[in-house]
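Q: Residue numbers (the working numbering), protein chains in the order written: chain A, 1 to 383; chain B, 1 to 383.
Hints may be right or wrong, so weigh each one.
As the list makes no split between identical chains, a pair holds if one copy fits it or if it spans any two.
As the list claims (entries may be wrong) - Computed cross-link-like contacts, DSBU-like style, restricted to lysine-lysine with a CA-CA straight-line distance of at most 30 Å:
hint	residue 1	residue 2
1	K75	K342
2	K75	K243
3	K252	K297
4	K297	K243
5	K297	K342
6	K252	K30
7	K342	K243
8	K30	K297
9	K106	K30
Bear in mind the hints are in silico, worked out from the structure with no lab data behind them.
Number of protein chains: 2
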Amino acid sequence: MTREFPADSVGLVTPRTHHFEEPLPLDCGKTLAPYDLVYETYGELNAARDNAILLCHALSSDHHAAGYHSEADRKPGWWEVCVGPGKPIDTNRFFVVCSNNLGGCKGSTGPMSINPATGRPYGPDFPIVTVRDWVRAQARLADALGIEQWAAVVGGSLGGMQALQWSIDFPDRLRHAVVIAAAPRLTAQNIAFNEVARQAIMADPDFHAGRYYEHDTIPRRGLAIARMLGHITYLSDDAMRAKFGRELREGKLSFGFDVEFQVESYLRYQGQSFVERFDANTYLLMTKALDYFDPAKDYGDDLSRALAHVQAKFMVISFTSDWRFSPARSREIVRALLDGDKEVSYAEIKATQGHDAFLMPIPHYLDVFSAYTGRIAAECSHE
Amino acid sequence: MTREFPADSVGLVTPRTHHFEEPLPLDCGKTLAPYDLVYETYGELNAARDNAILLCHALSSDHHAAGYHSEADRKPGWWEVCVGPGKPIDTNRFFVVCSNNLGGCKGSTGPMSINPATGRPYGPDFPIVTVRDWVRAQARLADALGIEQWAAVVGGSLGGMQALQWSIDFPDRLRHAVVIAAAPRLTAQNIAFNEVARQAIMADPDFHAGRYYEHDTIPRRGLAIARMLGHITYLSDDAMRAKFGRELREGKLSFGFDVEFQVESYLRYQGQSFVERFDANTYLLMTKALDYFDPAKDYGDDLSRALAHVQAKFMVISFTSDWRFSPARSREIVRALLDGDKEVSYAEIKATQGHDAFLMPIPHYLDVFSAYTGRIAAECSHE
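Using the sequences and the hints given, assemble the complete structure.
A: Shown next as structure tokens:
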């Protein structure tokens with residue numbers, strides 16, 4: 001029996017891998033070679049090759065943005081809400097590309113890959129990668145796919161930072177940048193949360209200085225704690241209150257240290273299930289890329305100067321209850337673009353879900369997003 | 001050479017210990033006996049015995065609220081800013097008592113104490129204690145000191161919760177309650193942060209299920225992570241930005257996982273120094289007491305019903321940048337008191353320091369606090 005996928009899903013998808021031999025220069029001064037990028041595509045590239053959209057993923061997601069990997073697959077890709085036929089990223093109109101970032105753990109070259117210099121997994125020897133490095137690698141993938149210019153580069157959270165970086169580094173290679181639930185750089189508090197997560201991982205005796213693969217173990221406890229902490233920052237206080245309140249799992253206090261409140265149960269589950277599907281060294285790298293992201297730094301901390309040569313038009317979206325990257329942070333991006341007389345649309349979506357709202361089917365969000373991408377689609381060639 | 005302490009300090013102080021033989025019934029159903037409470041007093045009890053103020057301490061502090069333990073002591077007590085001659089808690093006018101809570105690690109009976117039933121430290125067998133248990137123990141200390149009625153019970157954060165509980169459990173034994181930077185109960189987010197901290201401690205292999213004393217070790221890494229995380233919630237985003245921004249310790253990125261940003265250096269220092277002075281089992285107990293605090297629970301979640309029999313007059317103080325227990329949480333207490341026609345003063349202090357503001361010398365805060373305690377002092381007998 002063949003499974004019926006929803007009509008607005010891209011359905012079955014198969015990841016592809018592109019192998020690169022030419023060394024990639026990195027911000028840290030090292031070069032990486034050879035390397036692979038795993039990616040998925042949805043929809044069809046038109047003859048003019050002008051309807052391609054690049055999706056950039058956030059901290060713990062990957063190239064699997066939409067659809068299903070098998071008939072038995074229960075969960076679709078991470079942005080199924082926004083990517084598919086008739087959705088904001090409409091696969092009937094756009095050719096959509098999403099790749100796993102370098103340093104990842106889902107198929108692109110990363111800490112779990114074999115280091116050709118040693119014949120062992122890179123582990124802690126994998127170089128620190130930056131948002132700029134990712135954008136450079138994505139540009140090479142675009143070359144390989146024959147995409148001269150993206151109709152849009154789109155992303156939420158750390159993905160939004162990549163879209164912003166694209167507009168700075170390759171101003172003529174994208175017509176639109178859609179930056180959702182992002183910030184122009186992390187605050188001290190953002191960095192502090194990342195640092196606690198890293199310390200939790202690195203303090204786990206099973207971390208073995210990042211060489212845990214060779215010890216046939218993983219820093220299970222540390223990575224779970226990092227994820228639990230991350231989750232608190234993804235949800236709003238209100239969302240947690242609505243979802244869990246002070247509900248007790250067994251209905252009464254146990255006067256012990258086992259799970260008591262529903263929120264504890266939820267967090268422990270999130271931590272434990274994450275450990276099964278994500279690599280700790282990759283988590284460390286992704287948090288560092290976040291900490292380092294600061295495009296204004298080379299321009300005297302003046303973001304509008306950093307954006308001076310941007311040619312893309314912008315759509316910036318934020319969510320009212322997001323306290324990880326609050327609307328005020330998105331407004332910094334909008335203001336810097338306006339200061340430079342760039343074209344920018346901005347929407348602040350009323351949402352209770354916190355930072356995670358960018359992954360949620362919030363009608364006003366989807367409407368605003370679709371309205372903007374509809375405009376992008378209208379500009380593409382129609383054969 | 002004798003050291004000169006500041007004129008507005010209580011100067012040299014010596015903790016005392018009261019030994020209790022009569023078993024203390026606890027909310028968990030167990031009883032504790034015998035037990036000790038260590039406490040300090042400042043100022044003089046007047047002949048009418050009506051000028052006594054009880055200070056209740058927060059999560060990681062203790063009975064040492066003011067003054068110095070020795071001539072060589074570099075740091076004064078945790079509330080030196082507010083307690084001393086001429087200060088809001090004016091030791092020229094009040095007799096001030098502060099005791100270390102049961103379950104503590106600074107001299108009162110707690111997990112590090114010897115369990116008479118086994119001859120070994122209690123460790124994880126120390127019963128879970130609640131705010132109500134602490135108040136019950138403090139009432140016995142008041143009996144022992146011959147204090148029938150407190151002029152006021154005062155505390156910040158978890159200490160403020162004890163003041164609130166006092167007003168409910170012993171309505172005729174205090175004339176005023178001063179509740180600072182507190183909340184009527186924790187939110188799911190508050191509990192979530194506590195749970196991550198507990199998991200960090202309990203996941204540390206050196207925790208040994210709470211019996212680390214017997215293994216001659218301490219869960220150093222877990223406790224440090226718990227403290228680092230706590231610190232993020234004590235400071236505001238703005239305070240962190242003002243204090244650290246994105247300053248780099250070495251002036252440039254290192255592309256490694258050692259300390260890079262100043263905020264990382266600060267947090268690691270806070271974590272490591274905490275490990276030297278605080279017990280992990282006590283930390284677990286204190287966070288549970290926070291999670292469990294919920295005086296409205298037995299009154300159909302109606303705080304004003306819980307406060308119906310309160311006789312104390314209230315002063316409630318909150319700080320604008322406190323996101324751990326925000327002004328909105330203090331206003332819940334104020335509203336519940338007003339709904340019950342109780343007498344309450346409320347001040348929302350403009351402060352950038354976050355939750356920690358209640359420990360800081362903020363002029364408006366000290367003025368408001370002094371004005372209220374001046375009124376309390378005026379009501380006391382003058383021989």
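Q: Each hint needs a verdict: does it hold in this structure or not?
A: Here is what the structure says about each hint:
| no. | hint | in the structure |
| --- | --- | --- |
| 1 | K75 <-> K342 | neither (39 Å within a copy, 54 Å between copies) |
| 2 | K75 <-> K243 | within (21 Å within a copy, 44 Å between copies) |
| 3 | K252 <-> K297 | between (52 Å within a copy, 11 Å between copies) |
| 4 | K297 <-> K243 | between (39 Å within a copy, 19 Å between copies) |
| 5 | K297 <-> K342 | within (20 Å within a copy, 55 Å between copies) |
| 6 | K252 <-> K30 | between (56 Å within a copy, 17 Å between copies) |
| 7 | K342 <-> K243 | neither (40 Å within a copy, 33 Å between copies) |
| 8 | K30 <-> K297 | within (21 Å within a copy, 59 Å between copies) |
| 9 | K106 <-> K30 | within (23 Å within a copy, 51 Å between copies) |
When each numbered hint is compared with the structure, violations occur for hints 1 and 7.
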